[in-house]
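Participant: Here the protein sequences come in this chain order: A and B.
Here my numbering is used: the first residue of the first sequence is 163, the next is one more, and so on.
Here my numbering is used: the first residue of the second sequence is 191, the next is one more, and so on.
Since the hints were made in silico from the structure, they are not lab data.
All clues given are correct.
Below 25 Å or equal to it, Euclidean Cα-Cα: the simulated BS3-like pairs (lysine-lysine) are:
1. Lys382/A <-> Lys370/A
2. Lys500/A <-> Lys241/B
3. Lys210/B <-> Lys261/B
4. Lys381/A <-> Lys370/A
5. Lys203/B <-> Lys261/B
6. Lys235/B <-> Lys210/B
7. Lys210/B <-> Lys500/A
8. Lys203/B <-> Lys291/B
9. Lys210/B <-> Lys291/B
10. Lys241/B <-> Lys498/A
11. Lys235/B <-> Lys242/A
A few chain B residues that don't get close to chain A, going by computed Cβ distances all over 10 Å:
12. Ala224
13. Thr230
14. Arg273
For clarity, every value in this text was computed on a predicted model and none was experimentally measured.
Virtual Cβ for every residue (Gly too), placed ideally from N, Cα, C.
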Amino acid sequence: MTSKTIIRAGLAGVAALAVAALLCDPTVAQTVPAAPPAPAAPAIVVNKGDNAWMLTATVLVLLMTIPGLALFYAGLVRTKNTLSVLTHVFYTVCIVTLIWVIYGYSLTFTGGSSIIGGFDKLFLKGVDMDAKAATFSVGVNISEYAYICFQMTFAAITPALIVGAFAERMKFSAVALFIPLWVTLVYFPIAHMVWYWAGPDAIDAAAKALAAATDEAAKKAAQAKLDEVMADAGLLFQWGAIDFAGGTVVHINAGIAGLVAALVVGKRIGFGRDLMPPHSLVMSMIGASLLWVGWFGFNAGSNLESTGGAPLAMINSFVATAAAAMSWMFAEWIVKGKPSLLGALSGCVAGLVAVTPASGYAGPMGALVLGLIAGVACLFFVTTIKNMFGYDDALDVFGVHCIGGIVGAIGTGILVAPALGGTGVMDYQTAKAGYDFGPQLWSQIKAVVMTLLWSGIGSFILLKVVELIVGLRPTVEQEREGLDLTNHNERAYNM
Amino acid sequence: MCAVGPNVTDAMKRITAIIKPFKLDEVRDALTAAGVHGLTVTEVKGYGRQKGHTEIYRGTEYAVNFLPKIKIEVAVSTDQVNRVVEAITAAAKTGQIGDGKIFVYDLDHAIRIRTGETDAAAL
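Same shape as in the complex, but just chain A (with noise of 0.2 Å):
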C-alpha cells in the first residue's frame, strides 16, 4: 500500500518542482499558455471497480487471520492448548477491530505528528458513507468505509501473528492486556510512520498552486504549502523506504515482538525435554493454505486500487511463496533427510511473508529469488540459530516473520530495479523508472532498524506493564494441565 506511496509521495514533489521549474522558465512559457488561475480541483469520484476490489481484499485478509492463521497455529499446539491459541486469535481480531474504529484509525491515519496521528477522526468522526480516501492515483479514490475495513484487518493481523510466539503459556488475562497496549503504543505509532501521508491528491493539487503561482510572495506562499504537505507524512515514509503491504509494519514488527514476548514469559515448561509435536498438522495444512489464499487481498490490495500493480503483487505472492516452500522442503530433505510437509508450510509462509513488501515492486522472477533465499534463510533461523540460543520461540514467530520480514525487506530494495525485472522506482520528472541502489537500500536498511527497536524495546516495557499488573504465566499445575481446561474450562475435542 504504502511503500509504493513513498516513493509516489517523493516523486510527486520533486515532479511538482519540476513542473514548476518548466513553468517558470521564460522559453518555456512562451510555447506553454499561460496558466489559467488556480483553477477549483474537480470533483473527485470514486471509482467502483477499485471500491469493489477493495472490499474483496479486505475480507480476503480478515480469511488469513480467522480461520486461516487460527488454525495453522493451533494444529502446531498440543491438543489441550488448542482452544487457548484460537481464543487469543478470535479475541485479538475482534478487541482490535473496537480499538480501531474508536481511536486506533485515527491514531494511525491522521496527521500530527510523524511519528503518532491525532484524535480528528477518534469514532470515526467525520467519515460517512460519501467520505472518500486517497489511492495511489491523483483523482482517484475508494470510500473510506472500505480504507478503514481494510487496514483494520491489517491491524488485526499483525497482533494475533504475535500469540505464536508465548503459545501454550501465557495466561488468557495477560494476553487480553496485551494485545490492546501492543496494538496502540507499538502497531499505531509504526503503521503510521510507514504508511501516513497526505496523499496524491494533496500534493497534486499544492504543486499545481505553486505552477499556478504568479508573483514572488504567492510562489513562497506555495512552496511552503507543498513543504508542508510534502511534511505531512510518517517518518519511515520521509525516510524513502518502500514497503508494498507491510513487511516492516506487519511482520518485523510482529516478529522482533515474537521474539521479545519469548523471552520475557519464558520457556514452557518442559521445553527441550518434554513431547511438544504438532497435534494437528492437517489442520496446520488447512490454516496455511487458507493464509496463502488469504494473502492475495493483503498484497494485491495493497495496491489500493484495480490497476497492474494488483495483478503484479498477485504473480508475485503465487510465485516467491511456492518457491520458499519448496526451498525449504528440499533443504530439509537434504539436511535432515525427510522432505516434511511442515516444511512445506513453513517455507509457503516465510515466502509470503518475503514477498509482501516486494510484491508491487519486483519482477515475477525476482520473487523467485526472493522465496527460494527466504525458505532457507528462516529453516537455518528456526533450527539452527533457535537451537543455538535456546529461546522458546513456541511456533516461530521471530523465525519466520522477522527474519522473512527481514530479507523482504532488504531484497524489496534490490529487486525493485528495473535490471532485475522490478518496477524501479517511478520518477515523475522524466516519467520513467529510475533506481538508485545505494540510497534505496539504506532507507530500506533504517526502516528495518527503526521498526525493531521500537516494537522490541516497546514490547518489553508492555509485557513489564502487563507481568506487574495481572502477572503473565498460569500456574505450573494449570500450564501441565493446559490451558483450555484451565483459562477456558473447556476442551477442544469430546471423543
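Once you have looked at the hints, place chain B on chain A.
Facilitator: Chain B alone, transformed into the frame defined by chain A:
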C-alpha cells in the same frame, strides 16, 4: 472347586497378542480361518526391543518412546491354542523388529450375557 464347570483351569485359554497396527486385517482373517469367531481389539502404545522412533518438526527432533500397537484378545478352548497361536504368528510376522508378542493365560470362566451359557459353550 468352582461350580461353573469341569476342568475349569484347563478348558480355556485367553490369548493376548500385541501386533503391528497394519497387520490387524490379516490377523483377523487368519483367526477366522482358524475357527475363532470373536475377538476384542484395543489401540495401545508401548515399546519393546523396537524402542521408539524419531519425529522431526521444524528441525526439532522428538524421540517417540511409545509406539502405537494393536492389542488383540481372544478366548479359545485349550485344544485350539496351538492353532490360534500359529495363525497369529504367521499373519502378524514381517520379520522386522517390532512385530509384537503373544501371551497365553489360563481362563477360569466365560459367560455369554444374553443366554447365560458358560465356558466352552459361551465362546
